[in-house]
Structure formats: C-alpha cells, structure tokens
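A.B. asks: Could you build the full structure based on these sequences and the hints that come with them?
Chains as they are written, first to last, in this note's numbering: chain A, 5 to 342; chain B, 5 to 342; chain C, 5 to 342; chain D, 5 to 342.
There could be a bad hint or two in this list.
Same chains, same label: a pair holds when it works inside one copy or across any pair of copies.
Cross-link-like lysine to aspartate or glutamate pairs, in silico, DMTMM-like; alpha carbons within 25 Å at most [as the list claims (entries may be wrong)]:
{"id": "1", "residue 1": "K192", "residue 2": "E202"}
{"id": "2", "residue 1": "K192", "residue 2": "D63"}
{"id": "3", "residue 1": "K192", "residue 2": "D229"}
{"id": "4", "residue 1": "K192", "residue 2": "D78"}
{"id": "5", "residue 1": "K192", "residue 2": "D128"}
{"id": "6", "residue 1": "K192", "residue 2": "E271"}
If you're looking for bench data, these hints aren't it; they were derived computationally from the structure.
Protein chains: 4
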Amino acid sequence: MQATTAPAFRVGVLGASGYSGRELCALIAGHPQLTLAFATANTQRGTTLRVRAGLAVHDIPLIAPEEADLAGVDLVFAALPHGASAEWVARALAAGTRVVDLSSDLRPGHGGAAHALPAGVPLDAPYGLPELFRAPVRGARVVANPGCYATSILVALAPLARAGLIAPGGTVSIASASGVSGAGASPKLELLFAEVAEDFRAYGVGNSHRHLHEMRAALGTLGADCDLLFTPHLLPATRGILSTITVPLTRPVDDALAPFRAAYADEPFVELTTQLPALAEVQHRNVVRIGAVVPTGMRSPTLLVFSAIDNLVKGAAGQAVQNANLMLGLSETAGLPQ
Amino acid sequence: MQATTAPAFRVGVLGASGYSGRELCALIAGHPQLTLAFATANTQRGTTLRVRAGLAVHDIPLIAPEEADLAGVDLVFAALPHGASAEWVARALAAGTRVVDLSSDLRPGHGGAAHALPAGVPLDAPYGLPELFRAPVRGARVVANPGCYATSILVALAPLARAGLIAPGGTVSIASASGVSGAGASPKLELLFAEVAEDFRAYGVGNSHRHLHEMRAALGTLGADCDLLFTPHLLPATRGILSTITVPLTRPVDDALAPFRAAYADEPFVELTTQLPALAEVQHRNVVRIGAVVPTGMRSPTLLVFSAIDNLVKGAAGQAVQNANLMLGLSETAGLPQ
Amino acid sequence: MQATTAPAFRVGVLGASGYSGRELCALIAGHPQLTLAFATANTQRGTTLRVRAGLAVHDIPLIAPEEADLAGVDLVFAALPHGASAEWVARALAAGTRVVDLSSDLRPGHGGAAHALPAGVPLDAPYGLPELFRAPVRGARVVANPGCYATSILVALAPLARAGLIAPGGTVSIASASGVSGAGASPKLELLFAEVAEDFRAYGVGNSHRHLHEMRAALGTLGADCDLLFTPHLLPATRGILSTITVPLTRPVDDALAPFRAAYADEPFVELTTQLPALAEVQHRNVVRIGAVVPTGMRSPTLLVFSAIDNLVKGAAGQAVQNANLMLGLSETAGLPQ
Amino acid sequence: MQATTAPAFRVGVLGASGYSGRELCALIAGHPQLTLAFATANTQRGTTLRVRAGLAVHDIPLIAPEEADLAGVDLVFAALPHGASAEWVARALAAGTRVVDLSSDLRPGHGGAAHALPAGVPLDAPYGLPELFRAPVRGARVVANPGCYATSILVALAPLARAGLIAPGGTVSIASASGVSGAGASPKLELLFAEVAEDFRAYGVGNSHRHLHEMRAALGTLGADCDLLFTPHLLPATRGILSTITVPLTRPVDDALAPFRAAYADEPFVELTTQLPALAEVQHRNVVRIGAVVPTGMRSPTLLVFSAIDNLVKGAAGQAVQNANLMLGLSETAGLPQ
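C.D. replies: Okay, here's the thing in structure tokens:
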C-alpha cells in the first residue's frame, strides 16, 4: 500500500438525498483516492446525511445545488431526476469538470431527450457499462451511467450476443423484479410500506419502460438481432434486482455457463455461479452475479439466465464510481465493494 | 335465500395445521352447507386451531389422524404432504367417502407416483380445475386438486390454447413468484424470516418443478403444442402468486383481453382487468385475476399475460371447496370469497 | 334471522380514501342494516374503491365532498384529517344528520381545538368507547370516536381503575407499537417501504402524543389518579397495535386476569387470554385482546398488561360502526367481525 | 498506521453457522490483526460460508467441531447454544487457549448452570461489557460475553445507577423489541416468514427471560437498588434491538442526556443523540445509541431512556471482538465498525 503516491481527486454529488445519492456519498467516503467536496439536496438542504464507510461513519452536510462549486472539483456525480439532470451536466462541463450522469438524459436511445440536450452536452456520451464498453469510458469527460435494469440484463446477454448465440428474430423474454429503492426516495402513495408489503405487481409493461431504449441500443452494438420483451416488477424489498431471462439460441449449449466464463474471466465485478443467484448475495456489492441453466424438455435450443445486482450499487452508485475511476485514471476497482 | 331446503354435508380435513389446511377449516366454518366434523394434525394434535369466518371466529380442536371417523363424513379434504396423501385417499375411498386430494399424488402426469398408488385409488382422478374441466368433477368420488402455480398458469393459457393462438412448437416462458406460505408450514432454515426478508430468488428451475407435469398434461388436452419454460421464484411475502407469461402467437391479436372475455364470460371466479393484476387484489379471494398486454416492437406476434391468485385460496383450499361443491351437487360458488 | 323486520339506514363516509375510510366502506358494505349512500375523497375523487365484505367484493365510486348529500343520509362517518373534520361535523349536524367523527377534533381534552369548534358542534360530544362509556352513546347525535392508541390502552386500564387497583400518584408506563397504517395514507418520506422496513423507532415521546389528552380525561372519569407515561413506536407492519403496560398496584393480585374477567364478562368485543396477545390474532377483528401477568421479583405490587387491537378496526372503523349501531338503535354487534 | 509492528493473532470460531457466528467470521475477516484459523458448524460442516468484510468477500470452509485445533489458536470464540457451550470452553481452556463465550453459560447470575460448569471453567469469568467493566477483561483468559438485551439495557442504565439517580425500590420498566435474528438460525415454526411478518408479540414476560439474571447482577454491582420489569418483544425485522426504558429518579434532571455525556465522553462505542435512536441507525455497527427524554406531566421525577443496538454486533459478535481485543492487548476498537 503506497497511499502517498496515489493521486487524489475532489468530487461532488448533485442530488445526495436520493437513494443513489446517499449510496454515492457512502462509497466516496470510503474511497481511498476520492474526497467528497460537496453534496447537494433540494428539500433537505441544510441537514446532515450520515453514511457508513468501512468501519467509520461520516456526517455530510447537504448544501443547496446553487452553492456547489462545480469548478472546484475534478468530477461531479449527477444523481438528479431524469429530465432535470442534463442542465446540470451542461453547467459542470462548462466549468471544465468531468461528469458521471446517473439519469437517463444522456443514455443512448433517448432520442427525444437528446435533441433537447443543453448546449455543450454531447449527443454521444459514452455508455458507462465498463464490462461491455470499457475503452470509451477511460479518460472521458462525461459518461452516461446505465439504468439499473439495463445493467443487470446487458451483462447477462452480452456474452451470448457476441458469441452469436441469440437466435436472430427471436424473442428474449425478461422478467425483472426490483426492490422499491429503485423507484427513488420521493414520497408517493404506491411506495408506502402499507401499499408495498405483501404485494407484488408488474409495471411499465409491454415494452414501455425507459430502460428498454438503452438495452436495444447496446444489444444492437453487440450484434444481436433479437426482440426484447422486458417486464419489470415491484418487490416488497428495499434493494436488489433479479432478472430472469429466457434466450432462444442459435445452437444448443452443453455448459450453460461456458459463454459467461469465456467473456468475463478477467472481470472483477462479474460473478458466476453454478447455483441460482439471489438478492441476498449481491446486496451492498458492486457485482453482477450470473447463473444459467439449460432447461429440459425444450424443442428449440434455449437458455435460462439469471442476473442479480444491487440496484443502488452496480445498478447506480457503484457503477458510477467504477466509471469515475476509469475517467480519472484510477484503478477500476478502487473503493468498490466486491 | 332458502336455507331450510339446502342439503347440508359433513366434511373432514386431514392435515389441518398446514397453511392450506388452516385455510380449508376457515372456509368450511363459513360455508352455509358444510359442517366440519373433524380436523387432524400430527405434531399439533391436541391443540386448538382458531379460524375466522365472516364476522365470527371458530376454535377447532385438532385430533390425531387415526382418530378421524372417515366413514362418518360425506367428504374428506386431504391436505397432506405429497407422497403421504394417497394412502389416506385410499382409506377414505374404502370407507365410502368422497375425497378432494390437495397433494400432487393423484394429479395427471405424476407417472411414477401413479404406479405406486394404493389399491382403490384411481389412476385417472378428475383434475379439479373447474374453469377448464368442469364436467368430470360433478359428482366425482375423488378429485385431484391442482397445484397453485398450475392453476395460475393454466387459467391464463387455456383460452389461448383452445383458440389455437399459441404458436405450435413455440416456447411459452413463465416467470412466477409465490409467497412463502406456498412452501408450507414446516420449519426449514430457508423459510425463516431472517432468510426470506429482503431476498428474492428462483428455485426449481430448468423445468424441474413438480407442477410442470400437470401443466403439460392439461395443455395437451387443451390442444396446445408448445414448450413450457417455467421458473418459480420465492417472494418476501406471505401469500399470493403472480405469473408473468410470454406467449408466442399464431396470429396477432388486437384486443389482448378478447380471448379471455370469450372464454370466461360466465365464470364466477375469473376476473379480467385492463390494468395489471397484483397480489393485493386477490389475497383471501377465490379468483384468478388476469391481465394481458400486446407488447410493442415485436416482430413475431406475442402476448404478455399476467395471472394473480391467492395460492392458499384459488391455488389450494378455495379451489378444493369449489370442487367439493361440484362433487356434492351444491352451488359451485357456495361459501367461497369472490 | 329476521332480516325483513330490521330497520335499515343510509350512511355516508367522508374521507373514504384513507385507510380508516376504506375500512369503513368495507364494514358498511358487509353490514346487514347499513347502506352506503356515498363515499367521498379529495385527490382520488372520480375513481373507484374496491372493498371486500364477507364473500363479495364491492366497487364504490368516490365523489367529491361537496357532492355529498349530507341531508339524505341517517348518519355520516367523518374520517377526515384532524383539524379538517369539525367543519364537516357542523355541516352534517346542521343538515339534521348524525355523525361519528373519527378525528380527534371532538375528543375530550382537546381544549384548544374545542374552543375553535364551529357553531353547532357540541363541546361535550360523547366519547365513543362503548365498553367504558356506553350509555351516552345510545341515541347520541354526534360521537367522538376514540384514538386507536387510546382504545387499546383505556380498555386495558379501566378495570384496574374502577377497582381502585392503580396506585394513586404512581406511574403507569405504556410502550405501544403500531403498524404504519395508523399514520394514514398520505405520502410521506418516513412512511416509504424503504424507510420503514427493517426499522423500529419511537415517536411522539415524552407525553407529547395527541392521544394522551383523551386517555387522561377518560382515566380521570374512571377514578384513576395516576401519571401516564405513553411512548408510541412505529412498527414495520401494516396494521395492529400492541400496548405493553406496567401498572403499579395498590395491592397484590393473585390472578392477573381476574379484574378483566369481572369487568368484561358480557362484552362481545373484549377477549381475554391466558397467553400473550399478538397482532396476528386481532387483525381484521373488532376486538381488544388482553393478557396480563404478575411479574416475579418485584417489591411493589405490579401488573403487566398487554392489549392488542387492529388499529383500523377496533381502533377506528370498527369502533365507529359499533358507535353507529348504538346511535341508531341497532344491535351493537351488527356487521362487526368478532 | 504502523501495520508492520502490530501483533497478529490466530483465532477460531465454534458455531459459525448461526447468525452470531456468521457475524463473527465477517468481523474477523475484516480485522487487521486477527486471522481466522478455523470455523466450525455441525449440520453445515463441509459447506462454505461467504462473508463480506470491507470491500472484499471471503469464503470460509466450515469444519466439524471435533476437527478444530483448539490448541493451535490464540483465542476461541464460542458461539454455541446455551448449555452446550461450557463444555467447549473447558476444552479450549485446557488447551491453553483464551475464550470469549457468547452463550449465557458463564454469565453472572446463572447460578444453576454455574454449579454444573465443567472442571476448569471459572465460576467468576469477567462479564465482558467493557463500557461498564473494562478492567477485568484486559488480559483475561475467559470472558462471558453479555446477552444482547442486557447490553442494550445496562449501557442505558449504568450512568443513572452510578450517579445515584435511580430511585431505590422503584420499578424500572423496560420494553425491548428485537429482530428475529436474536432467536438464532435454528428452524422453528414461530420464526418462519409467514408467521413473523405482520405480527408483533411479547415473549418471556413477567421477568422470566434469561437475560434478567445478568442485568440484576450487573446493576447490583453498579449500586442500583431498583426492581427491573423486563419485557422483550419479537419484531418483524431481521436485526436490531430497541429498548424503551422508564426510570423513576431520585431527583429531577434538567438535561436528559447529561448523565450519559458525563459517563460516556470517552467511549468509542456509545453514541448519544438528542433525537430518538432507531434500529436503522445502528444496524451493522458496534455501537449503543442512546436518547433520553424528560417526560412532561409527571408528578414523580422520571426519565425515559431509549437504547438501540444491532443485536448481532454490539449485542453479540462485535462485543465479542471488542472483548478479544482487550484480552489480547490490541486496540479496543480494532476491526470494529463504528
């Protein structure tokens, strides 16, 4: 450990009172080479946010966004609501500061939003899913952090797509379930404990969910020519996403995990299991945990893939730090729980 | 209401301490034409089971199975563990008593178990899913009560199968999630609160779940020639099953619910919704609640179907009472929460 | 059952979209002698509320409060927020209609609010806790429905107070825990699933909770001269209140339940147990379930009393119907789940 | 940080498959000066336990207790069931190895058990609650780790006892609520998710709980002459204990927190708050978080004290490591989450 020689960077968090923002503050507090210069919040400005990092706790003052010294930091994490983020991305870039944007504003496929991007925000910000598209993230000035569902699904499908295993024109059917923190920390009736406990339901179905755009764009890049049918569900749990994915194959596979082993042998944040991945195994970790099974009794070659992530870590804040590490030239794994 | 002319029957429950057995006792206590003559339990024999029915509570003594007067009742509900049930079905039939068997022992497709059925237990007991196969249940002496997952899925698929809408050779992909009461009331580490809360995981995957046999058998009868890929999951909730089903179609449908409306117009226990069915809407009710969506952006005609039931009611005890009503010549809806 | 001779009354519900209001609509739908003429809601006006009653479900249209025909019903249940209710109570009384007010506006001890009561609202509306103060409720034109905590605690303390068992000047220490539905259905950050699950905390401590006023007033009436120390807590559960109460006694008791047996022998909605009452035993029932223990190793005579209710039934809607039954001359138990 | 000069010790865990044992393994894995030499389990022997520590995960093989090399380690943590532990404590001591015993077998006040202690196990093992009794723990060969409830309560009461603030002969009334992990990881019907969710109940009431003995013994040592009335409850949550304590005082206090500030100014693991402590604030941390309120409207001087801990950390494994640190001459805070 040669802490004295490691470069240190100052970073800020816009939107620190949401669940992703809180998680970002915790990760930064525990990061050996990042220092949190400011954290902003709207309604909770003036209060203090307590986060745990390693064995310590940190009390972080929340300031108003307008008070944030965007030019005084090396990188800003924008954990703002969709639609409200691009404006702040523009401000940070204008101040000469790097940005990881956790909203959907800059993600590929958001055509409508993209046309309305403020001046200075590139239409083609790199899509920050390092396991699939690492090169453009290194040294980038602005990165679009992927959606939580998209992360869980793309990491599961990419090895199959790249190996030409997904049947062209076939339907990849995806049932995902997410803990309620994925819906954010804004008070809504349908997110109350008394509404969520003992319930389970789908939402955003029929391919109407926002994350579908980026999944299609990314899969196209990877060479897959399939249809996606994506159905998210709301779990009576706080954090985690499990995606259960049916993939029609071009040819049978004997070893269900083989394509994943080949693709992810050197990836520190992808974990393969011969069992079935569960939320409890990935919570608070920056990993995608993948299992796969060749189902019996099928006439067409088919693979059943399971992918579990913590929606707030690998699905949001952890991945954002992973991207920041790459943008700043740090070790990709620095400060991330594995 | 002509209560004085309605016939009344005496019934018994074998296995009343499990979750299905408790629910059966509650439904019988509130049934206008059934009287509970006995309820048995093994380890809890000698204790009292309290159930609510309508506005009243009932305290039911639990006796040992050996003390049950099988010949003294008109019908026995066997809510015993799989494998242990057939033996008691044989005893009840030998005593001249009708039986609804809630285990999988007598269900179609259980070839291995069927060959080992005790003398007197028919190999072809009617499969008690009245919405699909009502005629053979009327007046039957023994009925195999369907599995909870099978109920939720078959009621969702049958109208499509009968209308020739399911693409032959296609893969019907089913992701189901069940509350933990579906796993029974026997103490297992993986069912402890501290293990289930905040977790979500699949189990019995790759087409290894017991209910697949009866689903395949029933769908064959209904004329479908598709492959099923069935993946159950364990929910951090107590009761309810939601099945999310992707169906490849032979032709496009404009109105996603049309096939269901045609099939279930007169069914008292099938409920269609233009919204998405949720567990909270079906708990404590003997209904299958179905929603359907035609997803956008698909090259092949595809339907997304949702089916919600209470696993302990329409998935077990409620359906058993529905079958008993038909077997005994009562109104099919008598005593059932709609 | 002589349904033809029973009088029937038309009632309305103001504030039907809250948790108490929904429960009221369900109870009225299942009540043999009440008909729901209207149900109002503010933000949810124009939508439909689905409730279950017995074996049936009912879909109830929600209208704006201004559309409610207050004069066209026999009784109005006001399930409106504290502070907003008295105004509507005045309107209903002016229209010649009876009122059960579920808010705290008319309860005893609410001195400040009382002085501000609109013209026509009596300062001394009977306190509708029939087990303790039944006579004034019979035939009353307006009744103040007790708070949920107050109900659970007063029913537990009254027999001891009336028997002169509570040590004068002593401290009765009360730790109560309530499910989150007690906090209402308005969206607040601290009631989100992700905030409530896995947490437990006190609130309104140091004798600052609203219900303390009515408890002190009622206990004074019952002859107790003790200090109350009341500490409510928020449970990660949806419904139910358990109060754990330490009572300093004037003299030792041998049989912990004896005072309660004597007081409540004929009460249909009080249930005594030699075990410890639990939330699961009272949910969806209009009962107070009481257990008591004489602790060992105490130098001063002390009783430990437990009291469990469903905060939405006996703590709100059920008790309101119980009061309405008395006001309208119906059987006190009509339509109430026991 | 001078890692090179810090002594390192080898330790073992007996009973690593329980909730406390798992937590111990995680803490040891993250401890800078402890190395886990073995971890034992009975039914799960031969499997692997995965724990997270800091940013890393560790997979720990579980061996049979008989295979453990007790003599080859510097200290053994015994996380075995009450009654089964003393035997293994004796073996470890005979092998010349230090022991922290997490069971109740060696705790003060366990008179019956004490008489049956195996040869070599001292009748007066230091009670390892360092905030109250630090000196005897330093360098001790065997330490009795306190119960989880006792920890939460004694740390809250000790400053009042030592300051002579607790009224002699008065009743200290304690209502505690614990997450279900406190009941251990053995499969019992009453700990199933379907039984615990949506329920809340007391147990072990009337001063019958095991932890009462050690609380009385410790309070006596601290000079308090009060009666304890301790009532534990089972929470529908996984981890954490909140104790709500009513204390009759000898004299009024103006500043509710003053006695705690004076006593715990230098304690790294005691946290005072002017708000009300909540489970969510202490989970996964080795702290006791204390709040206090002077209630209004009381004739006798009274203090209301709240104490929150994580039952598995400060209530078990964390405190055990804290004791081990003292026994081995390490920094008391080494490896502990604050």
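A.B. asks: When the hints from earlier in the document are held up against this structure, which numbers fail?
C.D. replies: 3, 4, 5, 6
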